[in-house]
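Throughout the sequence shown, residue numbering follows our numbering, covering 1 to 671 in sequence.
Honestly, the hints are just simulated from the structure, not real lab data. Warning: the hint list may mix true and false statements.
[What the hints assert, rightly or not] Computed list of lysine-lysine pairs in DSS-like fashion (alpha-carbon distance at most 27 Å, straight line):
#1 Lys-64 - Lys-36
#2 Lys-344 - Lys-176
#3 Lys-204 - Lys-224
#4 Lys-200 - Lys-258
#5 Lys-110 - Lys-174
#6 Lys-332 - Lys-512
#7 Lys-83 - Lys-178
#8 Lys-94 - Lys-191
#9 Lys-332 - Lys-348
#10 Lys-83 - Lys-12
#11 Lys-62 - Lys-94
#12 Lys-598 - Lys-557
#13 Lys-462 - Lys-442
#14 Lys-344 - Lys-512
#15 Lys-462 - Lys-512
#16 Lys-30 - Lys-43
#17 Lys-113 - Lys-87
#18 Lys-83 - Lys-134
#19 Lys-219 - Lys-240
#20 Lys-83 - Lys-113
#21 Lys-332 - Lys-450
#22 Lys-272 - Lys-258
#23 Lys-462 - Lys-280
#24 Lys-272 - Lys-240
#25 Lys-110 - Lys-83
#26 Lys-407 - Lys-272
#27 Lys-407 - Lys-521
#28 Lys-12 - Lys-62
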Amino acid sequence: MFEYVGNILCIKSNALYNDEDNILSYSYYKQLNCRKQINLVRKGGNGRYALVEYDSLPQRFKSKIEEKIGGDPHRTTKRNAFKDLLKTDHEAVKYYENYILENGRGLPVKRSKEYVANASILNAIAEFLEIRNKKQKARSRNSATLWQNFSEAIHDLPRSQYPHSLPANHRRLKAKFKTYQEVGYSALVHKGYANKNAEKVNPKAQVWVIARWADQVNKCVSTKQLWEEYNVKADREGWKPLKDAHTLYLFLNQPENKQLWYGHRYGELKSKEQYSYQQKTALPTMRDSLWYSDGTKLNYFYLGENGKIETCQVYEVMDAYSEVMLGYHISKTEDYEAQYYAYKMALKVSGQKPYQVGFDGQGGHKKLVNGDFLSKIARLSVRTEPYNGKSKSIESVFGRFQQQCLKKDWFFTGQNITAKKQESKLNAEFLEANRENLPALKEVEAVYEKRRTEWNMAPHPKTGIPRAEMYRESENSECVPLTMWEMVDIFWITRDAPVTVTASGISFKEKKVLYEYVVTKEGTSVPDVEWLRNHVGKKVWVKCDPEDRSMVHVYTKDALGLRHLTEAHAKVEIHRGIQEQEDWEREFYEEVRRDIQKIRLEKRNEMDQMLREENRHAEGYGLNTPRIKGLEKNKRNKKKNKQEDFRKVESNIVVTPGKDKEDDMDVYSMM
């Protein structure tokens, strides 16, 4: 309806007399034009429309128009025409994002946005003037009015979209525009920004300031203390003293400095959380795609057998997709047995192997890894980074489980040590008043099982569907169902260290309990003493079922891995005193004794034969081979017989008186 020709506001002629607007009749429009009572800026024809200078219209028609459009068209048209030219200057965005101040730092984001808005607005002014100059060769004589219009149009721009800092005065705006045209983007950066005259820390002292603030032993409690110490040292070192402690505060909190001392002052884990890059990950969309496992304190107090208040540990295995707690085990400490039983329960619940398990590598996980347990139950077993709760959703689940379920019971210990809310902490007074009423461990285990069921049946926070239902209804085609044979194979654990076979058999300790095994004759409990004798001193690897210690499998190990050797059974214990021995014990003892004697003789004879073949037997050297003590009674009897023969010969000797000595009989020659 309106447009400018040069600096003249014009209205389309047909907007005056069309039926819709009905400002005046067409015939009256023709009369005004013929009488030169209106100024026709451009004639119509050849596809063009006629333009009438708005200010030349009689006031009664201008009043109608202003009432219809709701304001002065001079202002609205200028503003609309100017806004149409506004667009973000992307070159300015790059320039100010990469702009480096005198102090070596970049512009703050807020200031950068301000300068981009200034540049974009001044660019629109330049484009507007260029369009005007093309239409009107000579500049408008009323330049002040033009810049006033610019100033008003800029003032009307929404600050949320254009956070500019251009002057409101039209003369200063024109001067700013002129400087911008001559200098470019740098003309918009405030000269006093990051002024060099601001107080700074002496470059030679910067290392001392950071190191003093990071001192973990002789701690600096405040920037005021640091400022006082700095000025004392500055006097000795010849540095310029600082007038205000705030200077040190600003220096220490510069990002490049803060990241240096933050870990020493607040702990490396806090520094890691604050400054290390965090991956963005999506949780699984199906069951058994990923299981997380972790151990934590079971947040219940109970009364121990000694009458003391105690706590224990719980190890949980959780499905990451549904947050269902699949398996758990309660124990005094987090060890490989707790992990083993928790995974075993989880596999029984799921009925299939998970695609991946995640664990933190602490506790007894080494035994599970070395025993191939984790590699057997899942296609992938991945050690998550320890002390990195964000990498495991089970940490979040533990926190919510404590808040929503365990907290309901009065013997709740409070959440873990990192909890900050008062609601998450222990009511020590109430606990002490009810010390004798604390439940026993068995009762705590029953309550915990109830709370786990409550958690599994509760709605999932994202879907609103009960967790257990989410788990049951989901399917994972890539997970392998468990067979009975696989269950047996999976739940036998290989010890992480070899065992040396001794004359007592195969023995080792688990949690300070001694377990002893022997290889037995097939179908009996009698030790195979020949196998034992042949393997004493050898190192073997043992695989066992933690739930059934009656038997173990024995393996050797080479470059290709474990090789099955045999199986061993728990060593039989018999009474030493005959009075308490049962019949089977006497028979057992005698059979073992006979086997031992037999193998001793066989091995001695085998070695004697080898010595004879090589002419290295004791008799070959004119000496005697000792008998086997307690076994070879026939040799001892043979010796006794020789002594008796000697006595018989001696008794038959007759000594003839008067005979010469040389005629005396050699007694020993008669033997």
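Here's how the hints hold up against the structure:
no.	hint	in the structure
1	Lys-64 - Lys-36	holds (21 Å)
2	Lys-344 - Lys-176	violated (77 Å)
3	Lys-204 - Lys-224	holds (20 Å)
4	Lys-200 - Lys-258	holds (16 Å)
5	Lys-110 - Lys-174	holds (25 Å)
6	Lys-332 - Lys-512	holds (14 Å)
7	Lys-83 - Lys-178	holds (20 Å)
8	Lys-94 - Lys-191	holds (20 Å)
9	Lys-332 - Lys-348	holds (24 Å)
10	Lys-83 - Lys-12	holds (21 Å)
11	Lys-62 - Lys-94	violated (47 Å)
12	Lys-598 - Lys-557	violated (31 Å)
13	Lys-462 - Lys-442	violated (34 Å)
14	Lys-344 - Lys-512	holds (23 Å)
15	Lys-462 - Lys-512	violated (46 Å)
16	Lys-30 - Lys-43	holds (13 Å)
17	Lys-113 - Lys-87	holds (14 Å)
18	Lys-83 - Lys-134	holds (19 Å)
19	Lys-219 - Lys-240	holds (24 Å)
20	Lys-83 - Lys-113	holds (18 Å)
21	Lys-332 - Lys-450	holds (20 Å)
22	Lys-272 - Lys-258	holds (13 Å)
23	Lys-462 - Lys-280	holds (18 Å)
24	Lys-272 - Lys-240	violated (35 Å)
25	Lys-110 - Lys-83	holds (23 Å)
26	Lys-407 - Lys-272	violated (30 Å)
27	Lys-407 - Lys-521	violated (57 Å)
28	Lys-12 - Lys-62	holds (13 Å)
Checked against the numbered hints given earlier, the structure breaks hints 2, 11, 12, 13, 15, 24, 26, 27 and satisfies all the rest.
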